[in-house]
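Peer 1: Chains as they are written, first to last, in full-length UniProt numbering: chain A, 1 to 426; chain B, 1 to 426; chain C, 1 to 426; chain D, 1 to 426.
It is worth saying that the hints were derived from the structure and are not from the lab. Quantities reported herein were computed from a predicted structural model and do not represent experimental measurements. Check before you lean on any hint, since a few could be wrong.
Identical copies look the same in the list; a pair holds intra-copy or inter-copy alike.
Unchecked claim - Simulated crosslink set (BS3-like; lysine-lysine; CA at most 27 Å straight-line):
hint, residue 1, residue 2
1, Lys171, Lys139
2, Lys419, Lys139
3, Lys139, Lys295
Number of protein chains: 4
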Amino acid sequence: MLTEDQLHDLNQPLLAEHHLQFDYLADLLARRGQDAHQLILQLVEFQVAIPSWALGTGGTRFGRFPAGGEPRSLEEKIGDVGLLNQLNGSSNSISLHIPWDIPQDIAGLHQLLKEQGLSIDSMNSNTFQDQKEQAHTYKFGSLSATDRAVREQAIQHNIDCIRYGTDLGAKVHTVWLADGSNFPGQSHLRRAYLRTQESLAAIYEALPSDWTMLIEYKPYEPNFYSMVIPDWGTSYTLCQSLGQQAQVLVDLGHHLPNTNIEQIVGRLRQLGRLGGFHFNGSGYGDDDLTTGSAKPFQLFLIFNELVDANQDTSLTASTVAYMIDASHNTKDPLEDLLQSVDNILGAYAKALLVDRTALQEAQEANDTVRAEEILRDAFLTDVRPLVAEAYRQSGGALHPVRAYRAAGVRQQLIAQRGKFSLSTGL
Amino acid sequence: MLTEDQLHDLNQPLLAEHHLQFDYLADLLARRGQDAHQLILQLVEFQVAIPSWALGTGGTRFGRFPAGGEPRSLEEKIGDVGLLNQLNGSSNSISLHIPWDIPQDIAGLHQLLKEQGLSIDSMNSNTFQDQKEQAHTYKFGSLSATDRAVREQAIQHNIDCIRYGTDLGAKVHTVWLADGSNFPGQSHLRRAYLRTQESLAAIYEALPSDWTMLIEYKPYEPNFYSMVIPDWGTSYTLCQSLGQQAQVLVDLGHHLPNTNIEQIVGRLRQLGRLGGFHFNGSGYGDDDLTTGSAKPFQLFLIFNELVDANQDTSLTASTVAYMIDASHNTKDPLEDLLQSVDNILGAYAKALLVDRTALQEAQEANDTVRAEEILRDAFLTDVRPLVAEAYRQSGGALHPVRAYRAAGVRQQLIAQRGKFSLSTGL
Amino acid sequence: MLTEDQLHDLNQPLLAEHHLQFDYLADLLARRGQDAHQLILQLVEFQVAIPSWALGTGGTRFGRFPAGGEPRSLEEKIGDVGLLNQLNGSSNSISLHIPWDIPQDIAGLHQLLKEQGLSIDSMNSNTFQDQKEQAHTYKFGSLSATDRAVREQAIQHNIDCIRYGTDLGAKVHTVWLADGSNFPGQSHLRRAYLRTQESLAAIYEALPSDWTMLIEYKPYEPNFYSMVIPDWGTSYTLCQSLGQQAQVLVDLGHHLPNTNIEQIVGRLRQLGRLGGFHFNGSGYGDDDLTTGSAKPFQLFLIFNELVDANQDTSLTASTVAYMIDASHNTKDPLEDLLQSVDNILGAYAKALLVDRTALQEAQEANDTVRAEEILRDAFLTDVRPLVAEAYRQSGGALHPVRAYRAAGVRQQLIAQRGKFSLSTGL
Amino acid sequence: MLTEDQLHDLNQPLLAEHHLQFDYLADLLARRGQDAHQLILQLVEFQVAIPSWALGTGGTRFGRFPAGGEPRSLEEKIGDVGLLNQLNGSSNSISLHIPWDIPQDIAGLHQLLKEQGLSIDSMNSNTFQDQKEQAHTYKFGSLSATDRAVREQAIQHNIDCIRYGTDLGAKVHTVWLADGSNFPGQSHLRRAYLRTQESLAAIYEALPSDWTMLIEYKPYEPNFYSMVIPDWGTSYTLCQSLGQQAQVLVDLGHHLPNTNIEQIVGRLRQLGRLGGFHFNGSGYGDDDLTTGSAKPFQLFLIFNELVDANQDTSLTASTVAYMIDASHNTKDPLEDLLQSVDNILGAYAKALLVDRTALQEAQEANDTVRAEEILRDAFLTDVRPLVAEAYRQSGGALHPVRAYRAAGVRQQLIAQRGKFSLSTGL
């Protein structure tokens, strides 16, 4: 944990330049009729959940290269997220993954969360790996397995997740189903869907009435011929069959090449079924890179859809769970997360800048060039001073990554936890 | 038109070899417990509609190279399809495209169709091009246009198509909507969807109660940022909002790279919303190549899903409209169509060979290798003698392309219609 | 043609705001040790050629919707480019396409070019379409055709292009070869390559010693099974076999999904074989959209490679021909081109901002986060005031698109040339 | 090891049906002027190397599900390959991976190989993972690393591999370089290439004069922004800079979506730089599935290029190293390999059936339909009896997978090695 004094001292040398830039931007926006302080309020309010499994370096099947000082327990993970939230004031909740994060000392965890100003956002089940004590293997699937005993085990695991979450005050359960097949013929495509629907219904039945169940989709990996839930259409039909507490989760890395993701986001929001996001960056597939690192314009266009829908009074209000889901080899995982949140806030800030009245006029008039330029004007504006000011007003660092480095956090973590501590994750 | 004698003479020199091959295959199948004659009955029954616009060479925006002797009128198009159906006995209906095929002499057309043993399968509207006499341009969309007058014109055009179809005895109306946008911002993605939904509802209202309305999807081209109906999920939600006569049409070329199309087919069939097919071959996108030329295994897997669903008594029976939608520069278009039908029948025949009882056993037991080999066994079997026998039993040619060439059909068409006749199409 | 007074008057109302923004940015850069005026000199110097075929609306095979007032002759095309160059001072040359732009009055054209301050940049051959008077068809290829007479015709056409270009002072000949096949078996892949190599050698022999011959590649369209020159590797081996005047041309839309184009650019520059660029925007394939409209970050990364290589004294200096190659339905084509140039200059300006010394330090130290942030810092900076100032210093408009609209150019062109004039192109 | 008697007994019940099918096919081919026995000789001669790392189940980063009885030592791996080769007579060599397969008892290994009738085919280095005793980490690259000490370590490792291979009689060294970057800016793209070139030159210098060095390429994974050797063009230019013993290796799973791989194969063969193959099946990327399971037609087209080039007397003869590189979760790895070899032989057999004289005639005459049908005729022929006969004549099993199962091999291996033995690999 950093102290307030430390944060203050870290910001001090940057303040003069920050004010220069922020004041200029605020004036520029004012000349366009936009109130920088209103925008900052919205940025301050925006929160992204941090996944417990991204606090260590993620790898690939070809290797994993730990950063050192990775958290060894749920308590240490909470500590890391607390630190991130101190630095950026924008990540006040955690996504947990079971069995990696099975809570032991519930009261202690509540106390720790309270001290850090954090809450538990979403529970995530794992039926894609076998655990040591497990009775049945998931080698051939879990919720879609042909073997009833396997399905029952997987259902029970999901219900356990909900129970752990209830203990910790979570309200969201996320199901990512890795089930599928690698070879034509291996699996009966329609029956696998029906079995999955039935299994999900059993989990849904155990869902408290104030919870949301998120159904993720993914076109390939770890299965390379078929995935049982490959696309938003499949998630959507499953949600329809379950009930209104079932919602679709969009993971940015889970799409075929060239998919227009922002359109899916808008569509699901319109249909009342957009429940959550997994943010990450992707060049090729589920690459789990820093959000916004590969396609910053796409990230902006996604936020453009979200902001547009939120301002659309014809739509029912909607709670979308924003979560990061990424971790990779070549960065310090905490810096990676700070960058992701920074890119997300930047995209959100730009989306808030869009002049929607003018845009709608241009769209209605089929003035393609003007409509595009209105969007681009927001995208091209350098909003970093707005985001920095939001951090500052939240009590965080003007430049979280620099502060993190200046404070020597990683070195301290290595000193505390050792050079070869390896956090649970992929 | 070929005479029965001509067809007889064309088959004569091939018959001995055919019988040798067919008898061997029938024996082989018999040893596996399969009855070749039962299979042939199913092949004979199977019919694929021919699109009127594929009777001339299709091209690309870079050029079109006519074949010569292309049909110049709806009557000549019917003649060409009649000829194909004589040769293969498997293409006894026609898809029409309005305004290219506006019928004038209804009674005459009925008479002509009857003579040729043909019927009209599906009507197809065109709101992606401007016609000379048109009041409003489709430059900025049609059913999704921001301008109400444009939408009304497009709705009316679709209703006109249905009316023309009613005159000719058709029962299916296909909507392929080219609407979309080329640039972020150009179109409001959610409002474009809502306007489309409203327009489709107006068309659906005009649909006779014994008709089906098919809603096609396509991820890109002619619009390259967004398409209003890019994926099966969007088609599906539109169908749901319209009613049970609205069904999804799957065009094989309308998918993002690496899409598992057979899974979509199975899914839609399971959901009771698979209404039709556009068959074609595709290496990259909507390439409109000969069906089965690029990915024969995929075509087999699609038929495997169709056959499997048809034999599944838990599903409601379903009428799926099978249509070809392809035409390209480098082949005689009639030979192209004969090849497409041939490949379709081959894939269907192989799918009929699959030992579904054994396959299900292997699937339930998670015996991946065995399940795959059961499928592959059907795929690797050379079923050409079965298809040839089905042609023969329908009164057609054992080898339609060879017969077409031997009979000198193209030369005759050129003699009748000229070297530079250019059929309507793309 | 706009008068200087007109341009002055168009800029007048924007000047105060421009100065405010420019002065702020110049100060900001100065604080980072960068000289805005030096940057502007580089921007002013940068020129992008305009293709004659982009002055009319481009379309797709599904339709083309003309804008009105399109140029009807080479002289009118030169007039349009002159106008663009007046507005942005950054497009002082033209790419011609034969046979669409066969020059008639050479002396008159030289006079006209001189008056407009323009030159001819590159000649482009067309062997993908048949022309009326042509002896042999390109239906089955041109430089790769099996028929020697077809190849000779195509070779001669390319030699003619060079001759026309010589008359007009051009120094670059571009070969985009559409040849390929749609079906496995149609073409012998290795022999098609060898025939192409031989044909190119015959053209190369006719190349004046101060010319460059650019060899473009494209993975698909208009052929959808194989293209004879599908990738940079093939272009490169062909160039090697020809000689040092043969160079590779990179067209941004001619790549498979997810290709890292900037790496190809760097590689070719390193190998001494990067000869030219076709700029355009692409969501899916050869979409021919406004440059930078779909993937602005990619455009920046490409310029980052170019600037980096230009500043690398270990490399031999290189002349890269920068050309736009794009035109689409839904925009006024001249506005489209102004936007493209604007996006190109913006990307170039950002690439010039990259602190290469710091970047190299971070790269050598494997400080991934810092290296990325150095690049992103340049990308996120709003450089529009720099580009506007470059326009102003070139005698152009601070905001070319707005000036174009305010001056009512399109309306005047329609008045002069008619509403339905259709320019040559695709 | 199976005994000859066992193999005889396993074939016995299948022989009658086999003879029926084989005789029919031989007759059919004879009527087409093809000699089945000649074809079988070529099939018998064809050998595919088995990678030591595919003898255990491969997995994904999401999990690995061992099959039981996996080999625990190099000696046991040789035993497994010997068994495969007994069953199919087509896999008489092994690819080794260092450090997983560092040989200890050289004399003993030679003896073992001799007993089994096997040889070592190719050595494969591993610089994508850190080993325990390693001085420097490969976290930021190996042959391309900015740190000279890392590069030297990686070079030395490759030289060690060659030395181990020399001890064992290998003649091929394969370099797959996982180096690259995950984020724009992380790596200087051109300098990474130059460092790699320099490192490869140092390895090449250590290459015995009768060895070949294969340079593999891969577009992404484990790095998701850039790979240093992403495409065949890069491999090719590196080979050119090294010398004639350097050759390109094509891995079927290492291509961007929709790549025409067979064309690359033909191109490299024409350029004299096709050195080897890694066979596997791929739906999306480097999926490492059974060869031919996903795209059997593509596999046939690849063999069509190979056979065509081998029969082309204008080309210098070439030794291509054929290796499998695949292993996945859901199959018994030995069954997986038997299937892969079976599919490879099937594709090869079909390619041998192509009537090349007729094909060339059709190609020269631009008879697209006929050319395609000639290829398809070979593809559609059921060649399984030919492959089975080749197995039989090599002393193997008519149906290797069935024999493997009938002999209870996996159960014996589990009994010997235990249920939880986990072989080295990914």
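Peer 1: When no copy is named, should Lys171 and Lys139 be tagged within, between, both, or neither for a Cα gap of at most 27 Å?
Peer 2: neither (30 Å within a copy, 38 Å between copies)
Peer 1: Reference check for the pair Lys139 and Lys295, CA-CA at most 27 Å: within, between, both, or neither?
Peer 2: So Lys139 and Lys295 pass the 27 Å test across copies only (24 Å; inside, 34 Å).
Peer 1: Within a copy, between copies, both or neither: where do Lys419 and Lys139 come within 27 Å Cα-Cα?
Peer 2: For Lys419 and Lys139, only the inter-copy Cα distance (15 Å) is at most 27 Å; the intra-copy one is 33 Å.
Going through the hint list in order, the structure does not satisfy hint 1, though it satisfies all others.
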